[in-house]
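Chain A is fixed; fit chain B with the ligands onto it per the hints.
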Amino acid sequence: MKLGYKFNSEAFNMLLENLKKKHRVYAPILLKGKGKFSDTDLVGYDEISRIEEVVFTHKSYFSPKETFHPITQTLFYFNENDYREPAVDEKGILVFLRSCDIYAVERLDKIMLENGTTPDYYYERLRNKVKFIVMDCQDGFESCFCVSMGTNKTENYSATVRYENGFYLSNVLEDIDGLFSLYGEQVEVIPHFVEANNQIVNVPQNLNLEAITENPIWEEYGSRCIACGRCNVVCPSCSCFTMQDIFYEDNPNCGERRRVWASCHIDGFTDMAGGHSFRRNNGERMRFKVLHKISDFKKRFGVQMCVGCGRCDDACPEYISFSQCVNRLGEEEVEKRG
Amino acid sequence: MNINTKKVMKNGWRIAKDRNITCLRIRVPGGYLPVKLLPLIQEIAQRFGNGTVHLTTRQSFEIPAIPFENMTEINSMLSPLIEELEVKIGVKIDDLSKGYPSAGTRNVVACIGNKVCSNAVFNTTALAKDIEKIIYPNNPHVKIAVTGCPNDCVKVHMHDIGIIGQVEPIYEASRCIGCQACVKNCHKVSTGALSFVNNKVKRDASRCIGCGECVLKCPTAAWTRGGQYYRIVIMGRTGKKNPRLAAGFLEWAEREVVLKICANLYNYIDQYIDRSLPKEHVGYIVDRTGFNLFKAEVLRDVNISPKTKLASYLDFAGYTYDKNVVYKN
Ligand code: SF4
Ligand code: SF4
Ligand code: SF4
Ligand code: SF4
Ligand code: SF4
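First to last, the protein sequences are chains A and B. Just so we're aligned: 142 in our numbering is position 142 of the first sequence, and the numbers increase by one with no gaps anywhere. Just so we're aligned: 42 in our numbering is position 42 of the second sequence, and the numbers increase by one with no gaps anywhere.
Here chain A stands alone, though its shape is the one from the complex (with noise of 0.2 angstroms):
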């Protein structure tokens, strides 16, 4: 049996107040009017304090990784002589998030932990403070492709939510703060996880990369793409950073040290000191970012870096496809070896 429980609006709305006690509760909502273009609204990540605030029907458009990995990060303040580190929030933080979201969440995990001789503190600091509230997934979306790359079902969770004919029902692996049991009535709930997307992406297991390299498809992609970076900020599973060091303009013997998120596509993002850019040309970044994300990662991790949350194919104003892309690499090497 699968330990679960049933709340009415009232009840769910009386746990989160009491779990915002101790945590931060984040979750994607309507943003009203934030949408790119005029009249238009945004599902995106901010703190709630009323389930009814969450927006089941969509996926959100940004992923839930900036609520634990911020988008600016000031690490420490510095002035001539000394530096100190900004305290920390104490409370914990609560994220309701996908299946997929939450298999991104490990593959960051991988790259912040596990990667270098230590785990990177700044991000360990926060990302031991998050549980994950899986929101379930009915049918799912349409550009998600999670069962391709078995991201579909998750057991990685305190609890699960889903509304139905008029109640949140909730399957429990960790009662937070003995919340759950207090306001839900005890029931039988086997979370729902999608088995089938509309999308199916074979993703190719043995890629000649030399012949990759010469692929003509990275100049058409080179054509299209913009440089805009929107791939790279929506996805859940994208970890680069760069590091700013700011004078403050009124006296720039003080200062602050912050990393910031960056982005693969975007100019710059490879520039050394000296004036060299590796990969300037948009093809070439996009080669460089679909490889890692179906194959560079994991041969070091043993999983694929793409989670196939489908976000990418979703914001890039060209309307290049991800996931297609993949596929097209899958279908050559289909071609080559038969």
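Since the hints were derived computationally from the structure, they do not count as laboratory data. There are no misleading hints in this set.
In the BS3-like style, the derived pairs of lysine-lysine whose C-alpha atoms are separated by at most 27 angstroms in a straight line are:
1) B/309 <-> B/202
2) B/188 <-> A/34
3) B/17 <-> B/6
4) B/307 <-> B/155
5) B/133 <-> B/10
6) B/279 <-> B/133
7) B/200 <-> A/32
8) B/10 <-> B/260
9) B/36 <-> B/92
10) B/309 <-> A/34
11) B/240 <-> B/17
12) A/34 <-> B/200
13) B/307 <-> A/34
14) B/200 <-> B/188
15) A/34 <-> B/184
16) B/6 <-> B/92
17) B/309 <-> B/155
18) A/34 <-> B/115
19) B/115 <-> A/32
20) A/32 <-> B/202
21) A/32 <-> B/307
22) B/307 <-> B/260
23) A/34 <-> B/202
24) A/110 <-> A/153
25) A/91 <-> A/129
Cβ pair distances, simulated, as ranges:
26) B/174 <-> A/3: 37 to 43 angstroms
27) B/288 <-> A/32: 45 to 51 angstroms
28) A/46 <-> B/288: 52 to 58 angstroms
29) A/220 <-> B/315: 46 to 52 angstroms
30) A/164 <-> B/57: 53 to 59 angstroms
Idealized CB from N, CA, C, for every residue including glycine.
Then chain B with the ligands, alone, in the frame of chain A:
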């Protein structure tokens, strides 16, 4: 044939080149036409005209080659059109069976706006309809146009009142990844209001024209859309005397201000029009009365917020055809 040409013209019909033949103008506020009305336009053109329509620059239809004797019958057929395009948006028309009650105040035109266009800062059709509600029916010769962004696809700069959408961009520094797409783009296609200082973006509000390009280009939604405002440009015109582009009048004005100014314009015209002339176009009235009087009249009882900027003079770009008008001996 005996007809009262003034009445006929006021009713939306033309005194045309061909004797005894007229032409009907159908106004389409904001250029927004439910296609269920097309069969009626088609029927009129086929039964009474020559089977063609002319698409006017003011987003109206002109149905040519109609004999004058059919006017009354056609007027009575127009009620579904007038009902849908005028009465439904709030225009008050007493008798729908008599055709258009006036023609001097021209159709309010609008670009397609944010129904379709990604650049559009607001819903141009909705504003065009609200303006139509205020200014129609009316006899003075006034042209008003509404455009979704400073690209001005609908050429509001050639109108008596031109309305251009503006959006106040809002910057959330913590979301900015410093890609500078906004900075570069504002320099390239707009006014160069943005600069990159200490790895974050600064906006010079006095240079920003509210085009929204920064919001469109920002990958992380560090720039998002704040309030919708309007730039009003006035007294642009073509014509045989002195063609000129409209000059800036207000910036960052609220919607209510736009509507109130459109209403006040008619009080101003009513007071100052030269009634010895068959008609006087509003731009020439302003030329005669001067900007300050115009300004006082159209801003009467208008609540201008501190955000709104008001022009101190009209900075026209134009020329006169007849130099002798300017250089008299
Ligand atoms: S590469 Fe695209 S589909 Fe894969 S995880 Fe990133 S955003 Fe999702
Ligand atoms: S979103 Fe599309 S256009 Fe922008 S960088 Fe990515 S692939 Fe290129
Ligand atoms: S004026 Fe602006 S909003 Fe209107 S159609 Fe042109 S570009 Fe689009
Ligand atoms: S709204 Fe237009 S003018 Fe203003 S800062 Fe943005 S891009 Fe520049
Ligand atoms: S486009 Fe957005 S992310 Fe890039 S510099 Fe401008 S505000 Fe920052």
